[in-house]
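Protein chains in written order, with this note's numbering: chain H, 1 to 343; chain V, 1 to 343; chain A, 1 to 343.
No wet-lab data here; the hints were simulated from the structure. Do not rely on the hints blindly, as some may be mistaken.
Just so you know, same-sequence chains aren't split out, so a pair can sit in one copy or run between any two.
Claimed, not checked - No more than 20 Å apart at the CA atoms, straight line, and that leaves these computed lysine to any residue pairs for SDA-like:
(1) 88 <-> 115
(2) 336 <-> 325
(3) 293 <-> 10
(4) 293 <-> 199
(5) 272 <-> 9
In this text, all values refer to a predicted model and were calculated from it rather than measured experimentally.
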Amino acid sequence: MADPRFFRAAGPLTLREIARLASAELDGAADPARPMKDVAPLEAAGEDDVSFLDNRRYLDAFRSSKAGACVVAPEYAEQAPKGMALLKAAKPYRAYALVARAFYPPSPRQEGRHQTAVVDPTAQIGSGTAIGPGVVIGARAEIGPDCLIGANAVIADGVVIGAGTDIGANAFLTHCLIGARCQIHAGVCIGNRGFGFAMDADGILDVPQLGRVILEDDVEVGANSTIDRGAGPDTMVGAGSKIDNLVQIGHNVRLGRQCVLVAQSGIAGSTKLEDHVVVAAQAGVAGHLRIGKGAQLAAKSGVMRDVPPGLAVGGAPAMPLREFFRLCTIWQRQLKARGKPDD
Amino acid sequence: MADPRFFRAAGPLTLREIARLASAELDGAADPARPMKDVAPLEAAGEDDVSFLDNRRYLDAFRSSKAGACVVAPEYAEQAPKGMALLKAAKPYRAYALVARAFYPPSPRQEGRHQTAVVDPTAQIGSGTAIGPGVVIGARAEIGPDCLIGANAVIADGVVIGAGTDIGANAFLTHCLIGARCQIHAGVCIGNRGFGFAMDADGILDVPQLGRVILEDDVEVGANSTIDRGAGPDTMVGAGSKIDNLVQIGHNVRLGRQCVLVAQSGIAGSTKLEDHVVVAAQAGVAGHLRIGKGAQLAAKSGVMRDVPPGLAVGGAPAMPLREFFRLCTIWQRQLKARGKPDD
Amino acid sequence: MADPRFFRAAGPLTLREIARLASAELDGAADPARPMKDVAPLEAAGEDDVSFLDNRRYLDAFRSSKAGACVVAPEYAEQAPKGMALLKAAKPYRAYALVARAFYPPSPRQEGRHQTAVVDPTAQIGSGTAIGPGVVIGARAEIGPDCLIGANAVIADGVVIGAGTDIGANAFLTHCLIGARCQIHAGVCIGNRGFGFAMDADGILDVPQLGRVILEDDVEVGANSTIDRGAGPDTMVGAGSKIDNLVQIGHNVRLGRQCVLVAQSGIAGSTKLEDHVVVAAQAGVAGHLRIGKGAQLAAKSGVMRDVPPGLAVGGAPAMPLREFFRLCTIWQRQLKARGKPDD
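Hey, can you work out the whole structure from these sequences and the hints?
And the structure:
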């Protein structure tokens with residue numbers, strides 16, 4: 001069971017309710033009226049818990065799990081331990097997500113403004129919005145309804161935040177327009193001056209950064225990530241994009257819809273990612289490039305050229321992933337050939 | 001036009017004034033008395049805006065731009081659309097920077113200390129300095145005149161900050177001496193204990209880190225970057241150096257003047273960078289090395305040895321960039337040769 | 001001498017006391033009653049200072065040092081300058097650490113709660129704990145005795161912190177249990193929602209992250225690092241592990257005891273590191289892997305497979321370090337062979 005110090009479960013739910021929520025097919029042998037109390041990982045689950053199998057690596061754990069019920073792809077159903085109620089779903093991870101969300105719905109916000117918050121009198125705060133201790137909100141800022149502004153977060157003058165958006169503790173937002181239902185985690189910095197300067201023998205001269213950061217709806221930005229404002233154009237993040245921790249997004253970058261940027265990746269200035277691009281961990285993309293729709297950049301790849309839609313690339317400098325794997329094979333072969341291919 | 005929620009333009013300025021500010025040559029056909037209202041990117045600029053062309057990639061945008069005036073290198077002047085007033089400059093980006101700075105001068109500071117700031121009575125605060133809400137300033141700290149200390153920033157005991165320096169929201173400064181006109185962005189941590197410990201079979205034992213961080217004048221440190229204090233010697237950053245977001249600088253590192261460290265790069269302990277070194281994004285430099293004046297470390301390079309002055313290196317482990325490019329060519333050739341060079 | 005604005009030395013100590021503290025052998029020629037006032041690096045040390053030599057690179061500095069005494073490995077003793085008192089130790093860096101800790105013991109905490117701190121009435125605070133300005137501590141949090149909670153840090157509801165632990169300024173802790181004597185530096189974010197979501201043609205759906213972060217005793221976490229809470233299982237960091245700045249640890253990761261993660265490294269979700277694993281700077285480890293006891297991952301390595309105990313690996317994708325070095329040699333040879341191995 002999730003630690004009650006941090007989580008409050010909303011169950012029980014019957015197997016019938018669970019199957020309906022997850023759009024899963026309940027195994028014939030199971031009692032649809034059976035109540036389940038919680039969700040749990042395969043190894044920790046007991047008879048009142050719903051678990052899930054999504055990754056072949058955990059098939060052994062599935063076979064020996066004591067979970068009362070399990071969301072599983074139909075092809076693994078036969079390997080279930082005896083007595084486990086099966087919730088068969090074509091996309092078990094998505095189905096499990098729906099179940100877990102039913103057991104652990106988001107906490108309701110407690111509308112109000114902590115007495116230590118410093119909110120400029122010209123700021124507009126929507127109804128149902130909770131403002132934590134030590135929060136600072138600047139002049140003419142507009143915070144939508146049902147937002148949660150975490151403790152000691154700083155929202156600078158003029159920033160606009162849409163309905164139902166969460167801002168994490170100690171986050172800093174300036175020169176930006178944030179959509180609805182975004183999750184900005186702790187320590188995030190959005191809207192800082194981009195890294196723009198003229199550098200030559202005459203010295204370094206800062207160039208005013210006159211754009212903004214625009215986050216569309218449903219964007220998530222992980223802890224301590226940074227998104228610089230545009231130099232003239234705006235920096236933009238498309239709806240539904242997910243950005244992990246410690247990610248850097250340079251000025252004028254444009255991310256399409258539902259892009260995924262994994263931890264410690266970085267996108268240099270003025271690069272455009274079309275929709276559904278995945279940038280894996282610690283990958284980097286040079287500036288002024290275009291990454292096509294649905295392209296996938298492998299972990300640690302260093303992308304120096306445009307990537308066509310749908311292509312997976314890897315390596316640094318990046319090449320088509322298939323070629324990079326072949327190159328790795330060539331290296332292994334060279335190593336085995338005494339490491340002396342030229343002798 | 002820059003969003004007036006975030007920026008206030010100081011124009012109009014005549015073409016004559018602009019040409020003078022930018023040390024640019026105004027095209028003969030243009031009326032020097034013509035007033036311009038703002039700066040804007042090529043695609044967005046209208047007849048009252050000054051734009052600029054600095055990168056060949058944007059030549060098409062230049063040819064079709066509706067900008068009333070444009071800062072441009074002389075060699076592209078012929079390709080300008082009809083009616084555009086040309087401001088010819090050998091260094092168009094620098095010239096544009098000067099124009100943009102005239103339209104958008106820095107906001108004046110509003111001297112004063114927010115009532116929620118906690119300033120130790122022994123701290124000295126210069127005249128004209130603005131201290132934001134929730135700021136904490138420790139004992140014996142010395143903050144120069146005309147500084148801006150952002151909301152919820154924490155300045156520990158004894159820290160010294162020079163005139164005209166900005167400290168971003170939620171930044172943390174300890175054990176450091178900061179020069180004049182520095183820009184320390186939000187979330188930056190300066191002066192933490194370096195990663196120094198004795199580790200062996202007897203366990204891990206922290207070594208006291210007894211040095212400081214010294215930033216000379218005009219240094220910029222990007223959001224959420226970290227600079228550890230020295231172990232005994234100091235960690236030092238030379239005047240005019242520009243450090244981007246999420247950069248790590250280890251204990252005892254010494255950066256020369258006007259070094260540039262791009263986002264997510266890192267310098268390990270006790271390494272010395274001479275003046276004008278450029279460390280591109282996600283590059284890393286091992287400890288105890290010397291990187292010569294004007295050396296350039298390519299993005300994602302992993303530098304394991306000293307680099308002589310002026311050399312560009314790339315790859316991991318890093319080699320002269322020219323060799324690295326040749327190596328990439330060799331790899332491509334091997335891939336084309338059926339991926340079987342040894343058969 | 002360490003800058004008295006930031007450090008207070010506790011000396012003097014006699015050579016006899018120093019030798020005893022460091023378990024070092026005092027050279028016969030030295031006077032055991034001679035008082036020493038401070039520690040200092042080789043180049044800066046004077047006659048009243050104790051220095052140390054630990055790295056061959058600094059042998060020249062040792063030979064010309066004016067340090068009154070020096071901790072040194074027996075094999076370098078002969079190269080000491082005349083008149084230097086030698087403290088011979090098999091592990092000079094550890095011995096120096098002990099000396100430096102005697103000269104610079106940790107400052108005593110000043111028990112108390114700053115009047116601007118916001119501490120929920122249901123939180124429990126141990127005796128001797130110092131709570132800085134602007135700190136926010138949530139409901140039912142339990143802070144042990146002799147802790148130091150830095151200015152503007154935010155401790156969310158239910159968090160547990162053990163005795164003698166330091167939390168840095170602007171840090172954020174949620175959904176976590178922290179052991180005793182931990183050092184959590186400024187800007188650290190612990191316990192955020194892991195990067196867990198179901199993504200497919202139907203869109204992106206967040207999966208509730210129902211685990212915690214558990215840090216055992218004596219863990220250090222560097223500035224601006226991030227540790228996500230588990231998805232169901234917990235994210236765990238074993239006792240004595242040292243994590244540097246800007247490190248990312250994904251959900252469900254398990255670190256063993258005394259692991260070392262150097263700056264800007266990252267561990268993806270559900271990976272397990274056994275005891276004493278060293279992850280060098282900017283290295284990355286993919287998800288769902290097992291890294292064996294004492295394995296060493298070189299700087300910038302990209303680990304895509306399990307690593308057996310004790311093995312050193314390097315490269316991206318990572319291979320045994322010995323092979324990676326051979327591969328680098330092969331590349332150099334190919335470059336020298338006209339860059340045309342296949343002709």
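Hint by hint, here is what the structure shows:
| no. | hint | verdict |
| --- | --- | --- |
| 1 | 88 <-> 115 | neither (50 Å within a copy, 56 Å between copies) |
| 2 | 336 <-> 325 | both (17 Å within a copy, 14 Å between copies) |
| 3 | 293 <-> 10 | neither (39 Å within a copy, 41 Å between copies) |
| 4 | 293 <-> 199 | between (34 Å within a copy, 15 Å between copies) |
| 5 | 272 <-> 9 | neither (41 Å within a copy, 28 Å between copies) |
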